[in-house]
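Protein chains: 2
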Amino acid sequence: MTNPPATLGDLLCPRSVAVVGASRRPDSIGGAVFKNLLANEFQGPVYPVNPKAEFVHSVRAFPSLAAIPGPVDLAILTVPRDSVLAAVKDCAAKGVRGLVVITAGFREVGESGRRLEDQVLEVVRGAGMRMIGPNCLGILNTDPAVSLDATFAPTWPLAGRVAFSSQSGALGLAILDLARGLGLGISTFASIGNKADVSGNDLIEYWETDPNTDVILLYLESFGNPRRFTQIARRVARTKPILAVKSGRTGSGRRAAQSHTGALAGADLAVDALFRQAGVLRTDTIDDLFDAALLLAHQPLPAGNRVAILTNAGGPGIMAADACEGVGLVLPALDPATDAELRTFLAPEASTRNPVDMIASARAPHFERALGLLLKDPNVDAALVIFVPPVGTEAPDVARAILAGALGSTKPVLTCFMGSHGIPEGLRSLRQGHVPSYGFPEAAARALGRAVSYARWRARPESAVPVFVDLDPGRARRALASAAAGAEPVWLAPLAVSEVLAAYGLRGVPERVVHGAEDAAAAADAMGYPVALKLVSTTITHKSDVGGVILRLTDADEVRQAWAELEGRLAALGRSREFEGALVQRMVVSAYEGAVGMTLDPQFGPLLMAGLGGTLLEVHKDVAFRLHPLTRDDAAEMVDSLRSRRLFDGYRAASPADRAAFVEVILRVSQLVGDLPEIIELDLNPVAVLEPGEGAVVVDARIRVAAVPPHP
Amino acid sequence: MTNPPATLGDLLCPRSVAVVGASRRPDSIGGAVFKNLLANEFQGPVYPVNPKAEFVHSVRAFPSLAAIPGPVDLAILTVPRDSVLAAVKDCAAKGVRGLVVITAGFREVGESGRRLEDQVLEVVRGAGMRMIGPNCLGILNTDPAVSLDATFAPTWPLAGRVAFSSQSGALGLAILDLARGLGLGISTFASIGNKADVSGNDLIEYWETDPNTDVILLYLESFGNPRRFTQIARRVARTKPILAVKSGRTGSGRRAAQSHTGALAGADLAVDALFRQAGVLRTDTIDDLFDAALLLAHQPLPAGNRVAILTNAGGPGIMAADACEGVGLVLPALDPATDAELRTFLAPEASTRNPVDMIASARAPHFERALGLLLKDPNVDAALVIFVPPVGTEAPDVARAILAGALGSTKPVLTCFMGSHGIPEGLRSLRQGHVPSYGFPEAAARALGRAVSYARWRARPESAVPVFVDLDPGRARRALASAAAGAEPVWLAPLAVSEVLAAYGLRGVPERVVHGAEDAAAAADAMGYPVALKLVSTTITHKSDVGGVILRLTDADEVRQAWAELEGRLAALGRSREFEGALVQRMVVSAYEGAVGMTLDPQFGPLLMAGLGGTLLEVHKDVAFRLHPLTRDDAAEMVDSLRSRRLFDGYRAASPADRAAFVEVILRVSQLVGDLPEIIELDLNPVAVLEPGEGAVVVDARIRVAAVPPHP
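Those protein sequence lines, which keep their order, are chains A and B. Under this note's numbering, the residues of the first sequence are numbered 1 to 712, in order. Under this note's numbering, the residues of the second sequence are numbered 1 to 712, in order.
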């Protein structure tokens with residue numbers, strides 16, 4: 001018997017639930033899940049399925065799914081591993097729409113588990129069901145029309161507008177607990193376990209149109225399909241913020257890299273690039289994730305990064321100012337009108353400069369009036385209110401005053417109620433009334449900094465991946481053909497490298513491969529001076545390491561001498577046989593010496609690098625990474641994120657450099673590596689960026705190719 | 001009437017206390033302090049002083065201090081500001097030893113307050129009393145023989161071995177509350193307010209010998225005497241860890257800097273340098289401060305940075321591994337014997353590689369046995385245990401098992417009990433039993449990282465400030481004399497700069513100031529080629545900004561041409577009148593191009609810089625800062641902390657560089673700026689560090705001098 005395909009809505013908003021494996025033992029998972037479903041008043045019938053019990057938690061039990069009289073939308077499976085496949089078949093037969101398989105012992109324990117998981121999945125797909133798990137904690141939906149707690153977690157969260165997907169069940173427990181403690185309301189929670197069927201990507205797509213969800217939180221340990229994640233997240237983040245914690249080192253899976261780009265590409269850079277390009281806010285810790293979510297779920301997005309601080313105690317005000325500036329926020333001078341009006345009612349000792357310190361004598365009405373003024377100030381994009389309860393002033397009064405002061409404002413307000421025992425009643429209602437509170441100013445500043453970043457990302461028009469048409473991919477492919485035919489990856493010969501770059505509109509400098517001193521001198525005479533002489537060898541990767549690069553040769557005699565020197569150096573190293581010739585190259589004067597590169601991430605595909613080049617590339621590490629394909633904004637952002645970006649504007653006596661040309665080189669490389677998956681590693685270094693309007697030329701380049709394109 | 005000088009012990013361990021201004025109103029500060037003293041059972045009589053009340057909180061009140069029949073060791077003043085001076089005089093007359101002035105309205109509100117504070121201080125000093133405050137929250141001592149709660153804070157902390165000094169009273173409230181929530185026991189707490197008499201430095205010295213204190217925590221907003229702080233902290237931190245949060249930006253007080261060093265020295269670098277040199281652990285937030293204190297107060301110091309992670313859930317184990325590596329800890333491979341023994345009792349699906357994942361089926365005895373094995377492993381310096389409570393395993397059982405497993409170990413153990421409601425009973429006792437727990441693995445990793453840093457600092461032998469004797473300070477002073485006589489700070493002329501450097505054993509390159517093309521050519525011929533020609537001008541600070549540096553001149557003709565070019569460039573800029581001459585300088589080939597500098601911090605004195613030099617110094621920002629005077633270790637650490645440090649070992653084809661010579665340049669500069677306080681700014685850039693054994697030469701240098709030494 002097959003059904004029309006089920007949706008995630010069927011899973012998360014069922015009208016009836018069966019717990020297969022519901023047990024009478026209180027310490028069993030099946031018993032705990034069943035009890036949670038009852039205790040949190042699921043809005044529909046819940047059926048315990050247990051052949052050995054007459055009733056479970058006072059509810060009549062059924063010996064099998066088939067014995068249940070009505071339809072079953074959702075089945076929760078907590079039976080032992082070896083009974084799961086049969087239970088899934090029973091579900092299919094019963095016409096169940098959604099499954100949550102809590103039972104563990106599948107893919108995560110090795111080959112036999114993987115086979116069993118595949119068998120289960122085959123039945124699920126064949127019957128048009130959707131499945132969460134196996135090896136998970138369960139799912140939750142706080143919508144009062146559903147009220148589904150199909151987990152064995154002890155915590156039922158507050159209802160709210162934040163959805164959460166956790167790849168770790170263990171962490172899911174901690175997360176639900178923390179959310180409750182913070183007063184962060186949850187719409188839907190899913191522990192996705194092994195992701196055999198339903199993935200995090202599926203959930204993001206569900207939440208995109210879920211009217212109960214405004215903010216999406218993810219705890220990730222791995223990406224099933226990074227490209228799909230990027231596409232979905234990029235789209236969804238335009239309307240609903242997505243925040244993520246990603247753990248798990250990818251370093252061990254990485255092949256030893258021979259290029260600069262590969263050496264610089266740390267294990268986590270691809271993940272950082274992916275989140276950045278998809279508009280996902282990454283935090284290092286769950287605490288930070290929740291702090292940012294408290295703000296994004298309850299307050300408007302800030303229009304800019306200018307924050308006003310209002311405090312009744314100097315020290316915490318200074319801490320807050322430090323913390324704000326530390327995350328890139330600014331404390332603007334207040335409008336003179338704001339200052340003048342603050343002076344009319346604050347104590348003479350109060351400071352009306354930002355941070356506004358009302359001193360300890362301030363009472364609730366002062367908070368209300370001052371906050372209202374700060375939010376009206378045209379220089380202010382957000383307000384952070386700090387309250388330290390002195391003797392005689394009640395936190396709930398101040399909380400109500402802050403709510404009143406913030407009323408009607410379209411600017412975000414954050415608070416920091418310090419020195420109080422836990423979260424007092426007034427703050428709890430403050431939270432539900434949508435003004436978040438933080439224990440210390442740093443957490444508030446970090447959260448606001450993230451909201452500003454997200455608002456900026458969202459305000460920017462969507463950038464496109466440019467397509468250059470003045471290219472000759474056929475010519476590039478021909479140049480690669482012979483090298484890419486071998487079994488082992490190889491470095492392309494210099495002439496082939498030049499061909500590939502030329503085919504993609506990447507200018508090189510005039511150059512010629514020569515095989516003798518006279519040949520070199522003649523080539524140099526023909527192209528003009530100064531020139532450089534560079535070793536040609538397929539086996540020597542870093543030419544400068546063997547003294548294989550001789551610069552600034554100004555006449556034919558110097559070129560001849562340099563040839564002799566090159567021969568001598570290799571002879572001294574006993575590597576004369578690797579001396580295949582030399583490249584005579586016209587030297588150019590670069591206004592900015594850049595580098596552009598690509599290394600292949602085994603999971604995420606081509607990872608592009610751009611930054612400050614030269615021989616000290618790996619020492620300065622002034623580079624940025626993004627995943628292929630690059631939009632115009634991606635490439636421009638890479639350049640703007642460099643420490644050396646100021647060199648493009650002309651630094652001291654040096655000329656400015658053609659920033660647009662460097663960005664174009666990066667974009668052309670992006671298109672190149674996308675078109676030609678045989679390329680597995682690429683270094684353009686240096687890229688001589690000339691003065692504005694003069695373009696950029698690739699001075700040296702290395703390309704490594706493999707026979708079989710290993711792009712994922 | 002005068003007394004023998006009181007000590008901090010008299011203040012913090014009094015045998016009798018009077019509250020001057022004890023009020024019957026429950027919302028008054030005096031009432032709150034008096035109530036706290038009674039409620040927390042101070043071990044001695046507490047006298048309310050209130051002329052208008054017969055009794056306060058059922059205790060007979062006295063109309064004045066004089067009316068109290070017995071002696072009064074400590075008086076807490078909560079009277080209105082205008083009554084404080086009279087009350088202090090009464091205290092002096094009564095023979096009170098210590099004062100805590102909670103009343104505000106002194107130095108912090110401006111000039112009239114400052115004058116009043118000075119008058120109060122005069123009385124205090126004249127009577128040999130010690131005073132904490134004014135404008136503070138009060139003091140606490142949890143020693144059961146004292147049991148002093150002379151604060152108006154609602155929280156009485158747990159007794160313990162951590163001392164805390166807070167410059168902010170407001171934050172003090174939050175701190176006491178947080179400490180209580182974390183189960184962090186406090187020995188003494190002092191809110192030091194305006195620090196009119198007793199300073200943070202005094203408290204650190206008191207805690208140095210206080211048998212009840214093992215760890216010292218500081219919340220600082222300013223330094224009264226940074227040099228004394230450094231001396232005291234450096235000594236005390238050898239035996240008791242000192243942790244600090246410092247807020248407050250010093251940027252506004254900073255004079256506009258004209259040197260590279262000044263431009264690079266951000267507002268907070270001097271504070272960072274000070275803490276580093278004093279062995280003080282700086283944290284950004286109060287949360288981090290307490291996390292580190294939980295570990296340092298309760299566990300032995302780690303002997304190294306190798307951590308074993310033991311977990312019953314995979315995800316949090318990965319998070320912990322990431323977090324540990326992120327703070328510089330390493331996860332070593334376990335000894336094969338450990339691995340073999342773990343396999344004998346863990347589930348077959350468990351992972352016995354580090355992190356050791358015992359999977360969810362692990363029970364308390366598994367934790368005990370596995371932890372014991374990990375702590376015995378010779379590859380392991382510390383253990384982090386993560387516990388996620390699955391259904392059926394009790395946290396208190398596991399907590400007891402961890403205590404048992406850690407028994408007798410000299411290696412630190414940290415835990416992370418996740419997903420539990422608050423801190424369960426078992427963990428509470430775990431904390432008192434001295435194994436700290438953290439809510440998430442990142443916090444545990446950060447705390448352990450700090451403990452490793454501190455242990456390393458403490459294990460290192462104390463380093464001395466070297467004194468070079470091959471110097472001629474008189475010669476340097478003569479060279480400075482004329483310049484330092486003027487009213488305005490000036491840049492020294494190049495010849496005077498060379499004199500000063502030569503007098504301090506800092507080698508320069510052969511050079512001569514010339515005033516014409518032929519003169520230049522002759523000078524170059526005499527010193528040998530290649531040479532550089534550099535503009536001499538007292539008004540043009542950055543010579544390369546006007547094209548005033550021409551390099552690599554290889555014969556006399558090129559020198560003549562260069563002279564003409566220099567003339568032309570300045571003429572083109574209309575600055576010919578600033579062309580005072582040129583410096584002909586022999587060019588050297590540096591293996592490392594360094595920079596050494598000094599800028600004067602208005603509060604902390606000379607701040608020394610060393611790092612990668614050249615024209616891109618401010619772009620690369622690869623520099624380190626330390627405060628004067630430098631020990632040998634300080635200078636060596638500066639070099640070791642650079643990104644470019646690998647260049648000293650020879651990078652790719654480049655030669656290695658004379659690291660010892662560069663360190664010596666740094667140390668000589670430190671002695672120079674200490675001996676000659678007229679020097680207010682100094683840049684040596686570039687410093688050509690030659691190949692090992694060849695030394696280092698200063699290629700270019702600028703020194704700015706002022707008439708009046710403004711060193712603090």
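To be clear, the hints were calculated from the coordinates, so they are not data collected in a lab. If you're wondering where the values come from, they're calculated on a predicted model, not measured in any experiment. Heads up, some of the hints might be wrong.
Note that the list lumps identical chains together, so a pair holds whenever it fits in one copy or between two copies.
[To be verified] List time: in silico EDC-like cross-link candidates among lysine to aspartate or glutamate, alpha-carbon distance up to 20 Å:
1. K543 - E593
2. K621 - E593
3. K240 - D557
4. K621 - D640
5. K89 - D143
6. K543 - D268
7. K240 - D268
8. K240 - E122
9. K89 - E122
10. K35 - E341
11. K52 - D27
12. K621 - E511
Going down the list of hints, with the structure as the test:
no.: 1; hint: K543 - E593; result: within (18 Å within a copy, 22 Å between copies)
no.: 2; hint: K621 - E593; result: both (14 Å within a copy, 18 Å between copies)
no.: 3; hint: K240 - D557; result: neither (68 Å within a copy, 70 Å between copies)
no.: 4; hint: K621 - D640; result: both (15 Å within a copy, 17 Å between copies)
no.: 5; hint: K89 - D143; result: neither (30 Å within a copy, 68 Å between copies)
no.: 6; hint: K543 - D268; result: neither (29 Å within a copy, 43 Å between copies)
no.: 7; hint: K240 - D268; result: neither (25 Å within a copy, 37 Å between copies)
no.: 8; hint: K240 - E122; result: neither (34 Å within a copy, 63 Å between copies)
no.: 9; hint: K89 - E122; result: within (10 Å within a copy, 90 Å between copies)
no.: 10; hint: K35 - E341; result: neither (58 Å within a copy, 40 Å between copies)
no.: 11; hint: K52 - D27; result: within (17 Å within a copy, 64 Å between copies)
no.: 12; hint: K621 - E511; result: neither (29 Å within a copy, 36 Å between copies)
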